[in-house]
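All chains, please: the whole structure from these sequences, using the hints.
Chains as they are written, first to last, in this note's numbering: chain H, 43 to 242; chain S, 273 to 482.
Simulated from the structure, these hints should not be mistaken for lab results. Among the clues, some could well be false.
[As the list claims (entries may be wrong)] Straight-line Cα separation of at most 30 Å, DSBU-like style, residue types lysine-lysine; simulated pairs:
id	chain 1	residue 1	chain 2	residue 2
1	H	K232	H	K217
2	S	K432	H	K79
3	S	K432	H	K64
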Amino acid sequence: MTDARKSQGKKLSELELIDRAKQGDAEAFESLYNLHKRRVYSLCLRMTANTAAAEDLTQEAFLQLFRKIGTFRGESAFSTWLHRMAVNVVLMQLRKKGLPVVPLDDTVETEDEIPKKELGGPDRNLAGSIDRLQLQRAVDDLPPGYRSIFVLHDVEGYEHNEIAEIVGCSVGNSKSQLHKARLKLRELLKTSRAEKARRP
Amino acid sequence: MNCEEFELALPDVDDDPTIEQQSHLNSCSACAELVADLDAISQQAKLLGSSDEPSPRVWNFIEIALRQEGLIREQRSEPFLVPRRPPRRRLEWLIPVAAMLLLMLGIVQYKRTSGPVASRTSNAEMASTSQIADAAYIADDQQLLEVVSRRTPAMLASYKANLQDVNSYIRDAEESVKMDPNDEQARRDLMNAYEQRSMVYEMALDRSLQ
Numbered sequence: 043m044t045d046a047r048k049s050q051g052k053k054l055s056e057l058e059l060i061d062r063a064k065q066g067d068a069e070a071f072e073s074l075y076n077l078h079k080r081r082v083y084s085l086c087l088r089m090t091a092n093t094a095a096a097e098d099l100t101q102e103a104f105l106q107l108f109r110k111i112g113t114f115r116g117e118s119a120f121s122t123w124l125h126r127m128a129v130n131v132v133l134m135q136l137r138k139k140g141l142p143v144v145p146l147d148d149t150v151e152t153e154d155e156i157p158k159k160e161l162g163g164p165d166r167n168l169a170g171s172i173d174r175l176q177l178q179r180a181v182d183d184l185p186p187g188y189r190s191i192f193v194l195h196d197v198e199g200y201e202h203n204e205i206a207e208i209v210g211c212s213v214g215n216s217k218s219q220l221h222k223a224r225l226k227l228r229e230l231l232k233t234s235r236a237e238k239a240r241r242p
Numbered sequence: 273m274n275c276e277e278f279e280l281a282l283p284d285v286d287d288d289p290t291i292e293q294q295s296h297l298n299s300c301s302a303c304a305e306l307v308a309d310l311d312a313i314s315q316q317a318k319l320l321g322s323s324d325e326p327s328p329r330v331w332n333f334i335e336i337a338l339r340q341e342g343l344i345r346e347q348r349s350e351p352f353l354v355p356r357r358p359p360r361r362r363l364e365w366l367i368p369v370a371a372m373l374l375l376m377l378g379i380v381q382y383k384r385t386s387g388p389v390a391s392r393t394s395n396a397e398m399a400s401t402s403q404i405a406d407a408a409y410i411a412d413d414q415q416l417l418e419v420v421s422r423r424t425p426a427m428l429a430s431y432k433a434n435l436q437d438v439n440s441y442i443r444d445a446e447e448s449v450k451m452d453p454n455d456e457q458a459r460r461d462l463m464n465a466y467e468q469r470s471m472v473y474e475m476a477l478d479r480s481l482q
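As structure tokens, this is what we get:
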């Protein structure tokens with residue numbers, strides 16, 4: 043079977059599940075949950091850096107989706123709909139806690155948040171030596187505003203115009219914050235590597 | 273173009289640098305390293321997605337909420353999903369009996385740990401009641417898992433995990449009540465935990481009879 047036909051088969055199967063879920067079928071709900079739980083949970087975890095909060099938000103995102111499943115008409119992919127809902131749930135939670143979703147202005151950054159520029163100085167190249175676990179820890183250590191933009195763009199694959207619409211900022215701001223997030227990560231990774239090298 | 277100008281323009285440089293920017297990259301090793309590092313971070317970030325899984329309790333809570341809100345409705349005919357088997361009459365008695373036993377045990381436990389009686393109840397008495405409850409739970413759980421393994425073996429791991437989670441929730445809630453028997457929230461949490469356990473039993477036995 044070609045890839046196109048395989049994906050068509052899978053798509054029909056998901057549409058069937060959605061149809062059965064609309065009729066109240068418990069197993070259909072569970073199957074839809076199992077199909078998408080990893081992606082939603084990963085998104086929540088990356089953006090909150092907290093497993094308990096991520097589980098609560100995953101639960102909330104799926105509940106909101108399942109409550110509205112009767113209105114799903116299939117105009118967009120189900121996964122897109124779910125993913126967008128999960129992002130909104132996370133952002134609403136961050137806003138409720140008073141945490142910045144994205145810094146609006148360069149001037150609001152604290153001393154710790156500003157990535158240190160090392161142009162022209164002696165430096166060791168990171169390329170080819172980034173450990174996934176180290177990067178995960180570094181992302182968790184990012185300030186919340188930087189973390190949101192970085193996760194949405196580099197991890198989840200949203201474009202800047204989509205991020206701007208979701209978080210309510212300009213495209214230019216999204217690009218600028220992403221750049222600063224990456225600079226900050228570079229700094230964190232180098233610090234972590236230097237500390238590791240100093241240990242006996 | 274100097275390094276500072278290049279750095280300022282970097283947020284807008286995607287995969288297509290201008291001739292001036294490319295020329296600076298070719299001549300400046302520091303900026304070239306910076307770009308390489310940022311690219312590496314961006315590429316590695318793609319591997320961070322979809323690698324983690326939530327605990328089984330997340331689905332448990334979702335399912336309970338969906339049932340409570342009436343979004344999950346019992347299906348009258350299921351031509352595709354689970355093949356119907358004739359009901360085994362000898363197991364039908366398990367549902368109401370198991371649910372009643374659990375609820376009664378929960379009520380006894382709840383009453384012992386609530387109100388003025390709680391402050392007079394000795395720790396030893398509470399510990400022994402808790403031990404009796406634990407032993408009863410273990411026996412009930414084993415019996416339930418035997419039924420599930422016979423009827424729907426594919427669901428066994430899931431129900432084992434669900435029972436572990438909900439038993440852990442009960443133990444935590446019991447601890448909280450033990451520490452402060454007058455804590456209303458702790459007592460509500462404990463009742464909630466017993467209800468969830470009862471619901472897990474109901475769901476497991478309900479499915480295994482289909």
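Do the hints match the structure? See the list:
no.: 1; hint: H:K232 <-> H:K217; verdict: 23 Å, holds
no.: 2; hint: S:K432 <-> H:K79; verdict: 20 Å, holds
no.: 3; hint: S:K432 <-> H:K64; verdict: 29 Å, holds
In summary, the structure agrees with every hint in the numbered list given earlier.
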